[in-house]
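Trainee: Each chain, written out:
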Amino acid sequence: MKFLIMFGSIILAVLFSIFPNISGRKPFWWRLTAIVLVALSLILTIFPPISATIDDAIYLKKGFYESMNLHISVLDSKVLEDKKNGVWKVIIGKEDNLSTNFDSLSFRNKLLVKSLVLPDEFKSRNEIVIQARYDKQNDAIEYIETLAVNPLIDYPFVANLNERIKILNLHVPLAWIAVVAYLMSMIYAIRYLKTKDLVWDIYTVSTASLGTFYAVLATVTGMLWAKYNWGAYWNWDPRQTSIFILILIYAAFFALRSAIDNEERKARLSSVYSIISFVTVPFLVFVLPRLSSGLHPGSANDSSAGPLVTPQPNSLDTTLVYGFGLALFSFTIIYFWLLNVLVRYKKIDYKIN
Amino acid sequence: MEEFLHNNSIYIVLGIALIIWFGIAIYLFMIDNKLSKLEKTIKQKLQGEIEE
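Each protein sequence line maps, in turn, to chains C and B. Under numbering that gives the first Met the number 0, the first residue of the first sequence is numbered 0, with each subsequent residue one higher. Under numbering that gives the first Met the number 0, the first residue of the second sequence is numbered 0, with each subsequent residue one higher.
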């Protein structure tokens, strides 16, 4: 299912992007759909709350976090009012056979709402996301505020990542589409060598420059994230090192192109270089970072998170995968749109000069 | 500042999204500039043909 969504979204985006044609002007509805989908994927990245399950409340009790977002199920008719202290005692949890004796319960099932009026969302069966802290005196969870009632999508809590888990929807698609762009560059290079038509050379250089653009963006966004998660902008993690080498390889591609004046010679040499440099891409992106130990998920010594960040080993959280699929889709269509504009520009440039 | 950003990571995510948008915007501006130059050369070439 996970792979179906991830690869399906890329394939769908490719099909959507090459329709009605790859180099002509896109119709209005195409551009409108693209913008709406990109905006939707951004909204799905920024707005949904991060929420921990009730089992993660142990981090509150242990004092790792001052306050946390918890996803709780409110059971109706299990609210007790303690008028003397001005406190509402709410029994939370999924178990049906919970005892109604508040004090005998585990701290995970006890929620204290310290207000005169009970918030409405506690009055019926609801799934709510609340900000909570630990109340030492009563050994219970203390309610601070409600963040969302019955949220459609909320992202999972992973210790030490918090909101930073949302980088999955921004940084990872950039790196993936960079690889797709380099792949396209190789395909167009082969096409040029077969047909000797300079149009394919325009495609080769456009998609290679877009791939480099995406790779640089992935690096910069990753650096900002790494500063706050790993402590430094640059850590020489295997994946950081390999994308650095990758960018250098493709920088050499552009240096090679600008060094030759003759159009035919330039196209032939750079096509061959593009094919050779793509051979290194699978090794640098998929093989080396998994063989060596490092900080990125999926490294050799990474036993907990697997290739994708998740609280459960080796699987991507189901609520996260839809946002990720949509993000992949929208970054792919942005890539094809930019490619479209760039190719149209370069064709005119070639005809004029 | 660093402490604040560490505890409110949503601003880092926001910053990352902004970097991407600014990146795409800069890229667009570059293409736009190149296109304006191209338009100028086309105009000059057309004028040259008329004068001939």
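The hints are simulated quantities; they were obtained by calculation from the structure and are not laboratory data. Beta carbons are placed, not taken as given, at the ideal position from N, Cα and C, and that holds for glycine. Be careful, since some hints might not be right.
To be verified - Below, computed lysine-lysine pairings styled on BS3-like, alpha-carbon distance capped at 25 Å: (1) C/K25 to B/K33; (2) C/K83 to C/K195; (3) C/K346 to B/K36; (4) C/K82 to C/K113; (5) C/K195 to B/K44; (6) B/K33 to C/K345; (7) B/K39 to C/K350; (8) B/K33 to C/K265; (9) C/K346 to B/K39; (10) B/K42 to C/K345; (11) C/K195 to C/K61; (12) C/K88 to C/K122; (13) B/K42 to C/K346; (14) C/K83 to C/K113; (15) B/K42 to C/K265; (16) C/K113 to C/K60; (17) C/K113 to C/K135; (18) C/K135 to C/K82; (19) C/K135 to C/K60; (20) B/K39 to C/K83; (21) B/K44 to C/K346; (22) C/K122 to C/K83; (23) B/K39 to C/K1; (24) C/K345 to B/K36; (25) C/K1 to C/K61; (26) B/K44 to C/K350; (27) C/K25 to C/K345; (28) C/K345 to B/K39; (29) C/K193 to C/K61; (30) C/K25 to B/K44; (31) C/K60 to C/K25; (32) B/K36 to C/K350; (33) C/K82 to C/K122; (34) C/K113 to C/K193; (35) C/K350 to C/K193; (36) C/K88 to C/K113; (37) B/K33 to C/K61.
Unchecked claim - Computed footprint of chain B on chain C, listed as stretches where at least three residues anywhere in the stretch have a Cβ under 8 Å from a Cβ of chain B: (38) 185 to 192; (39) 218 to 230; (40) 341 to 347.
Trainee: Could you tell me which of the hints above the structure violates, numbers in ascending order?
Mentor: 2, 5, 11, 15, 20, 23, 25, 29, 30, 31, 34, 37, 38
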